[in-house]
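For the record, the sequence lines run as chains C and Z. Residue numbering for the first sequence follows our numbering, beginning at 1 and increasing consecutively. Residue numbering for the second sequence follows our numbering, beginning at 1 and increasing consecutively.
Hint data in this document are derived by calculation from the structure and do not stem from the laboratory. Take these hints with a grain of salt, some might be off.
[Stated by the list, open to error] Here are some, though not all, of the chain Z residues that point toward chain C, as calculated from beta-carbon distances under 7 Å: (1) Leu24; (2) Ile42; (3) Ile88; (4) Ala95; (5) Thr96; (6) Val99.
[Unchecked claim] Have a look at the derived ranges for each label pair, beta carbon to beta carbon: (7) C:Gly113 with Z:Ile102: 44 to 54 Å; (8) C:Lys110 with Z:Arg94: 46 to 56 Å; (9) Z:Asp100 with C:Ile4: 15 to 25 Å; (10) Z:Leu107 with C:Leu5: 33 to 43 Å.
[Unchecked claim] Derived list of chain Z stretches under chain C, where covered just means 3 residues or more per stretch with a C-beta under 8 Å from a C-beta of chain C: (11) 26 to 36; (12) 69 to 83.
This one's a predicted model, so the numbers in the text were calculated from it and none came from an experiment. Just so you know, even glycine gets a beta-carbon here, dropped at the ideal spot from N, CA and C.
Residues per chain are reported as follows:
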Amino acid sequence: MHLILFLLFAGLCLAGAINLLLQSHPINSALSLIVVMTSLAVLYLMLGAEFLAAAQVIVYAGAIMVLFTFVIMLLNASREERTLGSKAARRVGFPAVTAILAVIATVILKAQGLGAAKLSDGLTDAKGATNLEVLSTVLFTKLLLPFEVTSVLILIAILGAVALASHDGSKPEGRTGGR
Amino acid sequence: MNLNFAQEVPLSWYLILSAILFSLGVVGFLIKRNLITVFMSIELMLNGVNLSFVTFAQQWHEVKGQIFVFFVMMVAAAEAAVGLAIIIAVFRARATLAVDRIDLMKL
């Protein structure tokens with residue numbers, strides 16, 4: 001069962017990622033990326049991370065990708081023209097990517113002591129608390145300060161996004177009075 | 001590896017999947033010519049790394065890996081908001097999204 005689910009959603013994930021590269025219209029790429037993120041959420045669920053699966057669907061497949069599709073439609077992005085990329089990308093980039101993938105795969109396949117994942121094999125501590133309980137306990141006791149700093153970061157990001165996007169910059173006739 | 005394949009999946013498969021996702025993200029970053037699609041490739045790389053974090057959290061039965069993924073998600077949300085605002089600003093200034101034409105800072 002686990003193997004079937006893994007093969008199904010890993011295949012979906014890879015198909016979405018490859019489709020992202022092959023599509024020439026940005027909106028198709030964005031929809032493929034949603035497929036990738038949703039299948040990753042299922043993989044998280046199989047790895048015993050229920051909270052992260054929910055957060056992946058809500059934050060990534062929901063919020064971030066809605067933002068992406070919104071911007072694509074707002075800017076009316078058309079098909080990209082295919083060019084062969086820069087010389088640096090062809091001469092250094094692709095060999096480097098292949099080399100990195102080969103090295104990582106070799107290291108992973110040589111690694112000893114990697115276990116296997118079973119269904120319903122979530123993280124539990126000695127007292128039998130579930131994964132979500134353990135995670136929230138650590139998050140709200142030991143890591144409370146980083147958590148709060150993250151909320152400040154999000155606030156600053158919102159302010160920065162508003163400031164960047166609302167600035168009506170170098171439009172010749174769109175300038176009205178005091179900015 | 002004499003595993004009962006109907007019941008469980010080796011964690012190395014998850015790690016290989018995450019490495020492939022990361023590499024596809026790098027390839028997309030190199031070959032895509034649209035600013036938004038390049039940005040989406042970066043998100044793909046982030047997701048590949050997140051998968052390996054969750055896999056190692058499962059391997060060592062540690063909750064820290066999952067917390068790291070949580071923070072990566074939050075930072076990615078902030079990054080997406082700011083990045084897309086920058087893309088809108090660039091589009092206003094240059095009226096194009098093709099990375100070949102946004103080359104003001106190129107040597």
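Hint by hint, which ones does this structure get wrong, listed from lowest number up? 2, 4, 5, 6, 9 and 10
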